[in-house]
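> These protein sequence lines are chains A and B, in that order.
Residues in the first sequence are numbered consecutively from 7, following our numbering.
Residues in the second sequence are numbered consecutively from -12, following our numbering.
Treat the hints with care, since some could be wrong.
Here are the simulated DMTMM-like cross-link-like pairs (lysine to aspartate or glutamate), alpha carbons at most 25 Å apart as the crow flies [claimed, not checked]:
1) B/Lys48 <-> B/Glu2
2) B/Lys55 <-> B/Glu7
3) B/Lys48 <-> A/Asp69
4) A/Lys17 <-> B/Glu75
5) B/Lys55 <-> A/Glu109
6) B/Lys36 <-> A/Glu50
7) A/Lys21 <-> A/Asp92
8) A/Lys21 <-> A/Asp69
9) B/Lys36 <-> A/Asp62
10) B/Lys36 <-> A/Glu109
Keep in mind the hints are simulated off the structure, nothing from the lab.
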Amino acid sequence: GAGVSQTPSNKVTEKGKYVELRCDPISGHTALYWYRQSLGQGPEFLIYFQGTGAADDSGLPNDRFFAVRPEGSVSTLKIQRTERGDSAVYLCASSLIAGTANEQFFGPGTRLTVL
Amino acid sequence: AQSVTQPDIHITVSEGASLELRCNYSYGATPYLFWYVQSPGQGLQLLLKYFSGDTLVQGIKGFEAEFKRSQSSFNLRKPSVHWSDAAEYFCAVGANTGTASKLTFGTGTRLQVTL
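This is chain A alone, in the form it adopts within the complex (with noise of 0.2 Å):
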């Protein structure tokens, strides 16, 4: 079946502007995960939603962050008044439940680049 996908693959913003990422899961998935990965850097963990609420949103780095989930499948990450730092790639993951046993299934990501 279709695993995780992510898009865009690749956005280039400007300073200052809004951008949204999207993320599908896989089909009957009811936990997803957002993880950010700076160059030279592991993937770290943003927010997971069970379901349609967010459930940990402890990574989220600041308030121009924000992510929904409102129909319990695609997620969109929202990001205002972007900034150089926020240069990195956007990992979304899903598993069948949450919970740190249950694998989570990371899609490609997409690429976002603030100049």
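Chain A is already provided as a structure; the job is to place chain B on it using the hints.
What follows is chain B alone, placed relative to chain A:
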């Protein structure tokens, strides 16, 4: 707080040689431990995981890892490396409580394979 250290940023091995990638973790109890591989343009793929029980775990692609509680380590090994193993490898730790779901990754080890 949980954390992971991968002391080797870059390792080069000859094809057919053995491989060991180091991982040390910090966690208050017995953690869930993972190794992921990331190839260029590909999403993160789970190689293996440790939850409990036998401290030597087998994974895909001929990889294995050994959990050593006394050393807080979870090193990844492969007896004979293939050129297709060239990639970035990430060790990760997760909480083993309830629905805690976030993974904390190390900074990764880039493996280069010479022919």
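> Confirm or reject each hint.
Here is what the structure says about each hint:
1. A hinted pair counts as satisfied when its Cα atoms are at most 25 Å apart, and lysine 48 of chain B with glutamate 2 of chain B qualifies at roughly 15 Å.
2. Note on lysine 55 of chain B and glutamate 7 of chain B: the hinted pairing holds, with a Cα-Cα distance of about 14 Å set against a maximum of 25 Å.
3. For the hint linking lysine 48 of chain B to aspartate 69 of chain A, the alpha-carbon distance of about 41 Å lies beyond 25 Å, and the restraint is violated.
4. Between lysine 17 of chain A and glutamate 75 of chain B the alpha-carbon distance is near 23 Å, which keeps this suggested pair within the 25 Å criterion.
5. At roughly 22 Å between alpha-carbon atoms, lysine 55 of chain B and glutamate 109 of chain A fall within 25 Å of each other, so this suggested pair holds.
6. Proposed proximity of lysine 36 of chain B and glutamate 50 of chain A is supported: the alpha carbons are some 19 Å apart, at most 25 Å.
7. For the hint linking lysine 21 of chain A to aspartate 92 of chain A, the alpha-carbon distance of about 9 Å falls within 25 Å, and the restraint holds.
8. In summary, the hint linking lysine 21 of chain A to aspartate 69 of chain A is supported, as the alpha carbons are separated by about 16 Å, within the 25 Å threshold.
9. The suggested pairing of lysine 36 of chain B with aspartate 62 of chain A holds, with an alpha-carbon distance near 23 Å, which does not exceed 25 Å.
10. Our distance criterion of 25 Å between C-alpha atoms is met by lysine 36 of chain B and glutamate 109 of chain A, whose separation comes to about 9 Å.
In this structure, the one hint that does not hold is number 3.
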